[in-house]
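Based on the sequences and whatever the hints tell you, model everything.
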Amino acid sequence: MRDSSPTGEFLRARREALKPQDIGLPTHGRRRVPGLRREEVALLAGVSPDYYMRLEQGREISPSPQVVDAIAAALHLDGEALDHLRRLTRVPRERRETPAGRSPVSPQLLQLLDSWPDTPAFVLGPALDVLAYNPLAAALHSGFERFDNLARMVFLDPAGRSFHQEWEKAANSCVAEIRAAYGYDPGSPRITEAVDTLRAKSPEFAALWARHEVRGKTRQPKHLAHPEVGALEIQFSAFTVNGAPDQQLVVYQAEAASATAAAFAELRSLRRAPQSAGPA
504 MRDSSPTGEF LRARREALKP QDIGLPTHGR RRVPGLRREE VALLAGVSPD YYMRLEQGRE
564 ISPSPQVVDA IAAALHLDGE ALDHLRRLTR VPRERRETPA GRSPVSPQLL QLLDSWPDTP
624 AFVLGPALDV LAYNPLAAAL HSGFERFDNL ARMVFLDPAG RSFHQEWEKA ANSCVAEIRA
684 AYGYDPGSPR ITEAVDTLRA KSPEFAALWA RHEVRGKTRQ PKHLAHPEVG ALEIQFSAFT
744 VNGAPDQQLV VYQAEAASAT AAAFAELRSL RRAPQSAGPA
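In our numbering, the protein residues as written are 504 to 783.
Pair by pair, the computed Cβ-Cβ distance ranges are: (1) Ala576 / Gln611: 41 to 51 Å; (2) Gly746 / Asp572: 25 to 35 Å; (3) Asp651 / Asp553: 45 to 55 Å; (4) Phe739 / Arg774: 19 to 29 Å; (5) Gln611 / Asp699: 25 to 35 Å; (6) Ser665 / Arg593: 37 to 47 Å; (7) Ser761 / Tyr554: 54 to 64 Å; (8) Ala710 / Leu773: 30 to 40 Å; (9) Pro552 / Asp621: 56 to 66 Å.
Calculated directly from the structure, the hints in this document are not laboratory data. Keep in mind it's a predicted model, so treat the numbers as computed, not measured. Even glycine gets a Cβ: it sits at the ideal position worked out from N, Cα and C.
If you want it as structure tokens, here you go:
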């Protein structure tokens with residue numbers, strides 16, 4: 504996964520994704536490259552073509568904040584993409600480093616998870632590793648081979664496409680969230696490992712990763728389908744954990760007296776019911 508220049512890879516991908524007509528440039532004539540030319544971005548940003556070329560090639564690694572903002576405007580980056588570009592252009596000592604392995608979850612947070620028997624809740628790491636979860640979260644994801652990493656579950660687990668009724672939306676969200684985490688620490692060994700594995704095993708992940716789209720968790724409802732309790736419409740919230748900024752607490756909720764609330768109750772009862780012994 505490691506790029507020779509994370510900033511250059513990001514700029515190139517976003518330049519190639521932007522069509523000339525998107526910024527009012529004429530589309531007639533032959534264009535040898537997808538999207539905008541480097542010279543066009545440089546002109547729009549008010550920098551020299553040579554300087555912009557050095558940025559994309561990784562030979563210029565410390566652009567000023569004013570240049571970063573001007574290039575972001577030229578590429579029509581939204582707020583999240585601009586923040587991502589700002590993080591990529593920081594010097595390493597200014598970045599938030601993530602732990603080399605899976606960071607431990609505090610005992611207080613584990614206790615909080617267990618205090619919510621009626622609400623699925625779990626803790627994620629920057630590569631979407633599932634670091635901890637409560638029993639109802641485990642029951643909700645019981646159709647998967649393992650409840651270990653959300654991106655692996657979406658792209659590589661056979662249950663992913665039936666569980667996520669809007670699979671493409673879930674896939675895009677996973678990749679964009681990992682890309683956002685990558686911006687905080689491009690040298691993270693765990694993010695590198697996770698992305699390398701997914702790129703090697705899933706062409707769909709590889710194609711989405713190459714687009715360099717950045718997005719944190721949204722508040723849009725999730726539409727899921729559990730093999731035992733059926734369709735679910737879930738509201739959710741995500742919180743950064745104090746003392747562990749690389750972790751997120753994710754809480755799933757159902758509207759009161761809804762079909763999803765009833766399904767959660769059924770899921771709890773199924774997990775509490777004694778398992779009958781199979782034939783000897």
